[in-house]
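*Asks:* Letter by letter, the chains look like this.
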Amino acid sequence: MDINSSHRLRRRLLKTAHLIGLFLAMAVICLPGLWIVLSSLRPTVEIMAKPPVWIPESISLDAYRAMFAGAGQGGVPVWDYFRNSLIISVTSTVIALAIGMAGGYAFARYRFKAKSAIFLGFMLTRAVPGIALSLPLFMIYARTGIIDTHFSLILTYVALNVPFTIWLIDGFFRQVPKDLAEAAQIDGCTPWQAFWQVEFPLAGPGIASAGIFAFLTSWNEYALASQITRSVNSKTLPVGLLDYTAEFTIDWRGMCALAVVMIVPALTLTFIIQKHLVSGLTFGAVKG
Amino acid sequence: MKLKKLSAPVLLLLPAFVVLAAVIVMPLLFSFYSSFTPFRLTKPETLWIFVGLRNYITVLSNWDFWVAFGRTVLLLTVALNTEMLLGLGLALLVNKATHGQRLLRTIMMFPMMFSPVLVGFQFKFMFNDNIGFVNNALQSLGLTDRAIPWLIDGNLAMISIIIAEVWSSTAVFAILILAGLLAMPKDPVEAAHVDGCTPWQTFRYVTWPYLMPFAFIAMTIRSLDVARAYDIVKIMTDGGPAKRTELLWTLIGRTAYADARMGMANAMAYVAILLSIVFTVYFFRKLAAARQQIGAEW
Chain A
1 MDINSSHRLR RRLLKTAHLI GLFLAMAVIC LPGLWIVLSS LRPTVEIMAK PPVWIPESIS
61 LDAYRAMFAG AGQGGVPVWD YFRNSLIISV TSTVIALAIG MAGGYAFARY RFKAKSAIFL
121 GFMLTRAVPG IALSLPLFMI YARTGIIDTH FSLILTYVAL NVPFTIWLID GFFRQVPKDL
181 AEAAQIDGCT PWQAFWQVEF PLAGPGIASA GIFAFLTSWN EYALASQITR SVNSKTLPVG
241 LLDYTAEFTI DWRGMCALAV VMIVPALTLT FIIQKHLVSG LTFGAVKG
Chain B
1 MKLKKLSAPV LLLLPAFVVL AAVIVMPLLF SFYSSFTPFR LTKPETLWIF VGLRNYITVL
61 SNWDFWVAFG RTVLLLTVAL NTEMLLGLGL ALLVNKATHG QRLLRTIMMF PMMFSPVLVG
121 FQFKFMFNDN IGFVNNALQS LGLTDRAIPW LIDGNLAMIS IIIAEVWSST AVFAILILAG
181 LLAMPKDPVE AAHVDGCTPW QTFRYVTWPY LMPFAFIAMT IRSLDVARAY DIVKIMTDGG
241 PAKRTELLWT LIGRTAYADA RMGMANAMAY VAILLSIVFT VYFFRKLAAA RQQIGAEW
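Protein chains in written order, with the numbering used here: chain A, 1 to 288; chain B, 1 to 298.
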């Protein structure tokens, strides 16, 4: 009886500790983001208040209104940056996906010489630090006159995304049994048809999440963009974020609002792909 | 006619080869060449003067460079190990949860999608000595009555950067290790229980070996983009105060764009590239080995 009750007590304690730990961890993860959202809604006076005001007294969307009102009021041409970001990210994603599908399919379906060496070689191009890569790209783009254009950034991001896209898509194609395409070919499909009508639909969700991942990489990239872009012509949102910092002062509220604008699409997309992303990355961990 | 001779995989890999060669390999070869010249952006003609290894000798005998190098390695070691441990803990916590796992998983991925620039800015805001969340909270709770200069004191700034880095990247480890936990067969753990293993022993000798490949995948992914820490540091301190948080990457950026000494910066960049490549190859090897081991045992 005594052993029973002490055992029960211990279990309950463990369970409470687990819940508290979980709650604390989630709080640490969420808090910074929530703080940004909250700050973007408060007047600057409240952000600057000393002693701090914890419970907001007034909430308004002024920061967003000022931001989207254009260059006249907020001073930062958010619309232009948003458009640049969108054009560059979408275009580079589509191209990277096409190249990645071809490459990933080759890795998943064919045997060829030096396969793992080539795979590692592709990955190593991704490991080059952005700032180190930006030096030659800056020189070359400046010389050829394509600096500060959408084209230069798109080209760069395609190259940046291809290795990881290949890794993910390789994993997804491996999950599709080889026999299916073979069966389709026996039934009279050309290899091309077999690919598009059988293998592609099955790997589809995985490929979509690889695409979203590529999109997010381009959407968030800073080290290269900060050097290759110069003006409203091609500046992306991450670079634009710095427009809110002057030499000694920072418009915290405006910056928070822009941060929210940047993070909302990213979060939505992440939510959609989370399941596929993990399965694509870990495939092969169990099956070699 | 000649095109037909190419086999399917070559043809399929060709676009990837072309793009990577054009945008990454060729520029890197060019920058390799320019690392042997005293090239300055302001004097284009200096690109054609060959000085041999002079840049490398200057860089390698420069004390500031080695300090930045050591600090980068220190940051990576501390950050990656902390992320690994916290990620493992987080994965175990979430795995144990009986309700709302899907929601917890989504929240867990939250920081992963923050652009590093945003992470840097967000923590710059939170660690601000005057209006930051951290100081406000500490003061309101009465733990301290003065403003702690998080980003102004050299050591504290480094700690703040590590916290930001860990916050943003622990998710990668947590997610992948959790995937490993979910994919793991239940029998070996139960068998270990039956055989009288303590929870620690079960974890150390049964669960952990299964999780190794997943941890290495996470490590490989992280080593592919460790240099993203540049964005965080650039925003939070930009190498300051008084170069106390200067990393290899910020030093390269400053030498190249602020001082316009491209040749010198390229020589430094090559050291940074080598560092990244060593990291990646090391974990890639580990990953392959761990996969093989698991494959053999299953």
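It cannot be assumed that every hint is accurate.
With a Cα cut of at most 25 Å, we get these calculated DSS-like pairs of lysine-lysine [as the list claims (entries may be wrong)]:
| # | chain 1 | residue 1 | chain 2 | residue 2 |
| --- | --- | --- | --- | --- |
| 1 | B | 243 | B | 96 |
| 2 | B | 96 | A | 115 |
| 3 | A | 15 | B | 96 |
| 4 | A | 178 | A | 113 |
| 5 | A | 15 | B | 243 |
| 6 | A | 113 | B | 186 |
Hint data in this document are derived by calculation from the structure and do not stem from the laboratory. Small disclaimer: the values here were computed from a predicted structure and weren't measured.
*Asks:* Now tell me if each hint is right for this structure.
*Replies:* Cross-check of the supplied hints:
1. B:243 with B:96: violated (44 Å)
2. B:96 with A:115: violated (40 Å)
3. A:15 with B:96: holds (10 Å)
4. A:178 with A:113: Answer holds: residue 178 of chain A to residue 113 of chain A is near 20 Å, not above 25 Å.
5. A:15 with B:243: Violated. Residue 15 of chain A to residue 243 of chain B sits at ~47 Å, over the 25 Å cutoff.
6. A:113 with B:186: With Cα atoms ~39 Å apart, residue 113 of chain A and residue 186 of chain B exceed 25 Å; violated.
Violation of the numbered hints given earlier is confined to hints 1, 2, 5 and 6; the remaining hints are satisfied by the structure.
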